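Chain by chain, the residues run as shown.
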Amino acid sequence: MPNSPGRMSDYWKKNLRTLWILLSVWFLVSFGFGIILVEPLNQFKIGGYPLGFWFAQQGSIYTFIILIFVYVARMNKLDKEFDVNED
Amino acid sequence: MDILTWTYILVGLSFAVYIGIAIWSRAGSTNEFYIAGGGVSPLANGMATAADWMSAASFISMAGLISFSGYDGSVYLMGWTGGYVLLALLLAPYLRKFGKFTVPDFVGDRYYSNKARVVAVICALFISFTYVAGQMRGVGIVFSRYLEIPIEWGVVIGMCIVFFYAVLGGMKGITYTQVAQFCVLIFAYMVPAIFISMQLTGNPIPQLGLGGSVADGTPLLAKLDGVLADLGFAEYTAGRKGMADMLMITLALMVGTAGLPHVIVRFFTVPRVKDARLSAGYALAFIAILYTTAPAVAAFGIYNAINSTSEKNISELPVWVQNWQKTNLISVDDKNGDGKVQYLADPSANELSIDKDIMVLASPEIANLPNWVVGLVAAGAMAAALSTAAGLLLVISTSVSRDLVKTFNPGISEKKELRIARIAAAGAVLFAGYFGVNPPGFVAEVVAFAFGLAAASFFPVIILGIFSTRINKEGAIVGMVSGLIFTIGYITYFKFISPELNTLEHWWFGISPEGIGSLGMLLNFLMCYFVSKFTPAPPQHVQDLIQEIRIPKGAGSAHNH
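Line by line, the protein sequences give chains B and L. The opening residue of the first sequence carries number 1 in the UniProt record's numbering; numbering runs sequentially from there. The opening residue of the second sequence carries number 1 in the UniProt record's numbering; numbering runs sequentially from there.
Since the hints were made in silico from the structure, they are not lab data. Predicted model, so just to flag it, every value in this text is computed and none were measured. Here a beta-carbon is modelled for each residue, glycine too, at the ideal position from N, C-alpha and C. A few of these clues could be false.
Simulated pairs of lysine-lysine, DSS-like, Cα-Cα distance not exceeding 27 Å [to be verified]:
id : chain 1 : residue 1 : chain 2 : residue 2
1  : L       : 100       : L       : 115
2  : B       : 77        : L       : 274
3  : B       : 77        : L       : 115
4  : L       : 100       : B       : 13
5  : B       : 14        : L       : 115
Take a look, some chain B residues computed to stay more than 10 Å from chain L by CB distance [as the list claims (entries may be wrong)]:
id : residue
6  : 4
7  : 6
8  : 17
9  : 40
10 : 43
11 : 44
12 : 83
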């Protein structure tokens with residue numbers, strides 16, 4: 001294995017940091033906006049949707065998709081940077 | 001042509017396609033049988049995962065469930081999609097790198113223990129069996145409703161079809177059949193939704209139509225809130241469940257989704273680690289097409305149902321109401337004898353009962369669509385039920401042939417293993433068929449079981465197995481067993497032993513049996529951590545294995561063992 005253990009632990013740390021950031025957003029849009037803060041957010045409207053309701057039934061799902069694709073892009077870049085990508 | 005002819009033509013055509021695909025992609029090796037030879041493209045795998053995931057319940061019942069629970073129905077929408085984020089970020093890439101066939105394979109190797117493997121097999125079998133029993137019933141109902149044959153015959157035909165392509169084709173056959181099934185089911189779901197959205201709000205995109213306005217210019221959701229409030233119901237966009245329960249159910253469904261073996265195993269079929277990540281993204285995108293449309297179908301459905309019945313003369317109800325009255329999915333009982341329908345929250349005065357399944361099943365008729373659309377919805381519902389049943393059967397047969405038989409007879413030949421896998425799949429079809437014909441009264445309840453158990457058993461030990469090098473076999477076994485027993489105990493107590501106590505004031509911390517898997521998961525995590533702390537660390541070769549699965553390079557094709 002050409003990669004030293006030190007470099008691999010850097011790779012792992014960067015991976016974990018990415019996970020923490022993305023999972024915070026995951027938590028925020030679903031549990032945060034969709035459930036805990038739903039009533040205050042419902043004061044605002046997005047089209048005919050109360051905002052909290054929109055997050056619970058639409059917005060959280062769109063955000064989930066974006067999160068996975070951001071993760072894919074970020075990890076592909078990280079894999080290249082640390083030379084652990086596959087051809 | 002009439003509805004029945006169209007239904008036979010479209011259902012028959014779709015079945016011919018599935019069987020054709022199964023024959024074309026017949027599995028020759030255990031590798032192809034278990035994981036499709038590891039060569040499925042991420043896009044195809046994403047579609048197959050979506051079809052695998054979306055069951056008869058997602059297709060037929062979910063929208064109706066939301067119709068009658070409004071905002072509270074969000075737990076299903078967020079719960080059954082948010083789990084894919086966990087899958088993509090925390091499980092799929094590492095399990096793909098690990099590169100074997102099943103979840104018990106991973107648990108057994110990572111926790112260097114056949115005991116842990118057997119506990120995992122028991123969990124996998126329990127989850128899959130509870131789930132598949134419900135699917136076969138769904139197949140029977142769909143067949144009988146559309147083809148006008150008895151439910152028993154519907155189940156038998158469904159069994160034969162699933163048996164044919166799951167047992168012959170294995171994972172390879174199932175994967176490509178599921179791609180076709182995804183296309184059928186999503187098309188069938190979208191066509192009526194688009195037309196109804198256009199009729200009600202003038203916007204052809206249901207996701208936008210739900211936020212649009214009805215003919216008089218009021219936003220649809222505000223209008224619906226008002227209509228429901230006038231009849232004495234809670235407002236559509238307001239919650240009725242407690243916040244703690246909402247949080248716990250959503251979490252249990254998310255984590256349960258990420259822990260379901262028939263979903264996880266799909267990510268073993270792609271060639272590379274980065275394909276596993278990408279594939280989870282595609283899967284969620286495909287699933288989201290249905291899951292963001294469902295709340296629109298739900299709101300349009302209940303709005304239309306109320307508008308076309310409430311305070312209307314019973315003799316002048318629309319044709320679709322009369323049609324579905326024959327199946328007892330809608331029934332009218334003129335209690336006060338005024339010749340009109342009163343739909344009210346007060347059960348003693350309410351004269352209309354509507355089954356939740358009607359919101360999807362009757363949608364083509366509500367929208368006045370041509371007869372072929374009804375046939376299309378039938379084919380879509382069957383695609384949803386069959387694809388999920390097939391994926392589950394494969395998990396069952398793999399668990400038996402590989403995780404049980406092969407673990408204890410390592411010298412078994414590949415040919416013999418493949419034969420055992422096929423026999424196990426056949427046995428599972430018969431088992432599922434039996435419960436489809438003689439459904440236990442608790443099919444709806446066992447769904448809570450399947451998700452709760454997946455959340456409380458697999459999820460913590462897989463996550464810790466990847467992200468911690470310190471968790472050992474003692475921790476994993478105690479964790480899985482305690483999470484499992486706690487969750488089974490709580491659900492059994494409130495669902496079967498004392499159902500009369502199944503109310504908010506008796507629940508622990510206000511958490512219903514549907515959400516208890518979240519606490520079971522927490523218990524599993526804590527047990528893993530503390531038991532491991534006081535017992536020896538895993539041996540060096542396991543430490544090396546963990547370091548190895550954390551980097552994508554060198555995944556290779558999933559090899560034979």
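Each hint, compared with the structure:
no.	hint	verdict
1	100(L) to 115(L)	18 Å, holds
2	77(B) to 274(L)	11 Å, holds
3	77(B) to 115(L)	40 Å, violated
4	100(L) to 13(B)	26 Å, holds
5	14(B) to 115(L)	35 Å, violated
6	4	12 Å, holds
7	6	13 Å, holds
8	17	12 Å, holds
9	40	13 Å, holds
10	43	12 Å, holds
11	44	13 Å, holds
12	83	8 Å, violated
In summary, the structure is inconsistent with hints 3, 5 and 12 from the numbered list given earlier, while agreeing with the others.
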